[in-house]
Amino acid sequence: MSDPMAEIKASFFIECDELLESLQDALSDMDEGAHDSETINVVFRAVHSIKGGAGAFGLDALVAFAHRYETVMDEVRSGRLEITPEAIKHFFQTADLLADQVSAARDGAPEPEGSEACLRELESLMGDNAPVPGAEEDEIDDFQPMGLSLDLDFSDEAFGDLGSPDTTGAEWVLTFTPQTALYASGNDPVHLLRTVHGLDASVEITCDMSRLPDLAALDPRESYLSWQATLSGDLEEADLREVFDFVEDVAEITIATPEDATAPETETEPAETAMPDPIAPPEAPAQNVAEPPPAPTPQPQAETRPDAEPAKAAPTAEPGATVRVDLERIDRLVNLVGELVINQAMLAQSVAEAGLPPNSPVMTGLEAFMMLTRDIQDSVMMIRAQPVKPLFQRMARIVREASAAIEKEVRLRTEGETTEVDKTVIERLADPLTHMIRNAVDHGLEAPHIREAAGKSREGVITLSAQHRSGRVVIEVSDDGAGINREKVLAKAISKGLVAPEAQLSESEIDNLLFLPGFSTADQISALSGRGVGMDVVRSAIQALGGRISITSVAGEGTRFSISLPLTLAVLDGMVISVADETLVVPLSSIIETATLMGDDIRTLGPETNVIHVRGDFVPLYDLGAELGYRAPKANYEGGIVLLTAQENGERSALVVDAIMEQRQVVIKGLQQSYGHIPGVAAATILGDGQIALILDPADLVHNASGRTRGRDIALAG
Amino acid sequence: MSLKVLAVDDSRTIRDMLKLALGSAGIELHLAEDGMHGLEVLDGLEPDAIISDINMPRLDGFGFIEAVRGQDKHRATPILVLTTESAPELKARARAAGATGWIVKPFDPGKLVKALNMVAG
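So the protein sequences, as listed, match chains C and A. Quick note on numbering: the first sequence equals residues 1 to 718 in full-length UniProt numbering. Quick note on numbering: the second sequence equals residues 1 to 121 in full-length UniProt numbering.
Source of the hints: derived by calculation from the structure; they are not laboratory data. Just so you know, not all the hints are guaranteed correct.
Simulated crosslink set (DSS-like; lysine-lysine; CA at most 27 angstroms straight-line) [said to hold, decoys possible]: (1) C:LYS89 - C:LYS389; (2) C:LYS423 - A:LYS4; (3) A:LYS4 - A:LYS73; (4) A:LYS19 - A:LYS4; (5) C:LYS423 - C:LYS669; (6) A:LYS4 - A:LYS114; (7) A:LYS73 - A:LYS19; (8) C:LYS488 - A:LYS73; (9) A:LYS73 - C:LYS9; (10) C:LYS9 - A:LYS114; (11) A:LYS111 - A:LYS19; (12) C:LYS456 - C:LYS408.
In this text the structure is predicted, and so the values were computed from the model without any measurement.
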């Protein structure tokens, strides 16, 4: 916090991330056919701004890289370089490397490999206009030095042949005759002369008012005055020139030693007849003001603004005002709100215990308090929520790189990029998602010739989508490949001893074998996969986030992985239940309905399991008390209360509980850090009475329960 | 007397740096994120000098300077262009739009302050 430059530098890198994101967006738009100038400008500006900021921190490698990218994009912007699919591919590649350059600059790491090769390829698009390496250097050198600020490029022709006078401790005679344009440009001779006066020398300035007309004839915008200054002291000509750097094109300036002084003095005369300025039409700005100047030439004005079109209908959404806040502060707020929720629950409990009537002011007040708490909670959660878009963009890059590495043609489609998810969840999703995307490219999609033989397009499609579904976020990765080869999977699982050879597995059970530790389907380990990370690691990463992953596959049509995640890691709506005198919480989002069991609802299936009959369907019955090891299974479940829960894949199950106590928001207190992953348990919470209750994960619970009582047992029995 | 300066730049980093550089010089700084925003902020503000970037969304630096010069009361307000490009034709365009002077990015804080003091008096 103490070093402001370090802080700005940190914020520069945050800005870089945003710029890289808009760069990706614009390139994607371009890829989809948007070749309009605004899209190109967005690309240009993103690269340009990164260069500009990088220069301020002396990140030379990044500056040089961005500069060359920018040069090419400038060609595109000016229409000299055509946007072709091939070109867009290179734009993307360079954008990826630019992102690497930014990371390298941030971490102080060496420049990423392949930068030069990538730039060369990019620049080769320019054909004959490709910059000669040597020529390019000059421009970069011109740009890089930190100290370079007032830009002193003397153009000799503007000063005639004054020769090069001896400078040491010399006397200087300066004449300064402003043109009208000087006044129009917002410069003021008095400031310039004051600066001259402030120079380290003895200075004498005289004003030549000879051309000043009568007051009646005076045009206030016209230039009539001229000054002459004589300076003596330890002064370089450059020091003097620097003062007039801004106005050298709108004033006659001569600097000479006294010996030469006579000649230039006569040169001030022609200035009155306002010698035509070769570059700047001085009157242009003034034309917008009241009376037009004497000889308005319309042409220069048109010239001055070829593409200064104000506000090109700005299709981009107006960026809202934002505040950047340290994540730690938000976390503290989240925790405090959590405590508030607990406190409010305790308060509610003691009010209830006091036996106040339901419509008493205390109760209504408490209700309003409850709603407010909930609103605060939602708002705080919203602060932490972020769109998944940057994550998806990273995946787009993974697809590009992975497909290039194994020469498959792959297009990534993304849906629901604006879906917002807790920041921590997003961060921790990156690794598992990367792995899944690589898998989809490597194993999911077929090689182009096989696709063609199967009557599909050469280009495989991977779809990455995010959406909110019943209080959770569902992220899906699907491909239109060949689907899971179940025979192969089963054979492999058997050969690895993961399943008994005679086991009878359903299709979905075979698919789920992919999640077993130590399972890998690739016949030959390619450059992409085979890094020793299997889907089991993906699954445990997802579980650590309180999420679940499921898989569906159709032969010949593709495979879909579905990840379901909690919206937040802090609070959930839960149903508080009791089983064998233990208080537990079941997430409300997983409960479809509750019911009381009638005798004829219960059907026996197999030696150890029951199902219940719910509106024409049979749903497996689990005794929560038995599954959690609180008690032995009951002999008879008639009259028992069940929670009907559903998983992402639509599988339902019925959980027997002893009693339903209430519905309430609970604050999630993670157990992972102290206990690791406990099957069936998502986390814990503190209830209003101070008691600690476990929060169950019904899907995981059921999954493990079935794994224990059905999968292997049947395999052994069969 | 402290100077009042309006700075228009779409890069947050550059805005932060300007804030740091000019703030420590006791200059009262007002910031805007692009040309359009700059005009909005300028409305009701009487800056002693204006600093403007060139490449900006919505309304670029040339357009912004022209629009400012078009307002009678800002006919003589000094406008410094802050740009990474030092190509002569860009300078000529900036001058034609009504720019007072230019500073090349990355800027040296001391020299920027000096230049501001010079053009704004």
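Status of the hints after comparison with the structure:
Between the alpha carbons of LYS89 (chain C) and LYS389 (chain C) the distance comes to roughly 20 angstroms, so the proposed pair stays at or under 27 angstroms and holds. Taking the CA atoms of LYS423 (chain C) and LYS4 (chain A), the gap is near 40 angstroms; set against the 27 angstroms cutoff, the hint is violated. At most 27 angstroms may separate the alpha-carbon atoms for a hinted pair to count; LYS4 (chain A) and LYS73 (chain A) meet this at roughly 15 angstroms. Note on LYS19 (chain A) and LYS4 (chain A): the hinted pairing holds, with a Cα-Cα distance of about 12 angstroms set against a maximum of 27 angstroms.
Under the criterion of a C-alpha separation no larger than 27 angstroms, the hint pairing LYS423 (chain C) with LYS669 (chain C) is consistent with the structure, at around 18 angstroms. For the given pair, LYS4 (chain A) sits about 14 angstroms from LYS114 (chain A) by alpha-carbon distance, which is consistent with the 27 angstroms threshold. At most 27 angstroms may separate the alpha-carbon atoms for a hinted pair to count; LYS73 (chain A) and LYS19 (chain A) meet this at roughly 25 angstroms. A C-alpha spacing of about 80 angstroms is found between LYS488 (chain C) and LYS73 (chain A), which places the hinted pair above 27 angstroms, so the restraint is violated.
With a CA separation close to 37 angstroms, the supplied pair LYS73 (chain A) and LYS9 (chain C) exceeds the 27 angstroms bound. Taking the CA atoms of LYS9 (chain C) and LYS114 (chain A), the gap is about 24 angstroms. The hint holds against a cut of 27 angstroms. Between the alpha carbons of LYS111 (chain A) and LYS19 (chain A) the distance comes to roughly 15 angstroms, so the proposed pair stays at or under 27 angstroms and holds. Distance hint between LYS456 (chain C) and LYS408 (chain C) is fulfilled; the C-alpha atoms sit about 14 angstroms from each other, no more than 27 angstroms.
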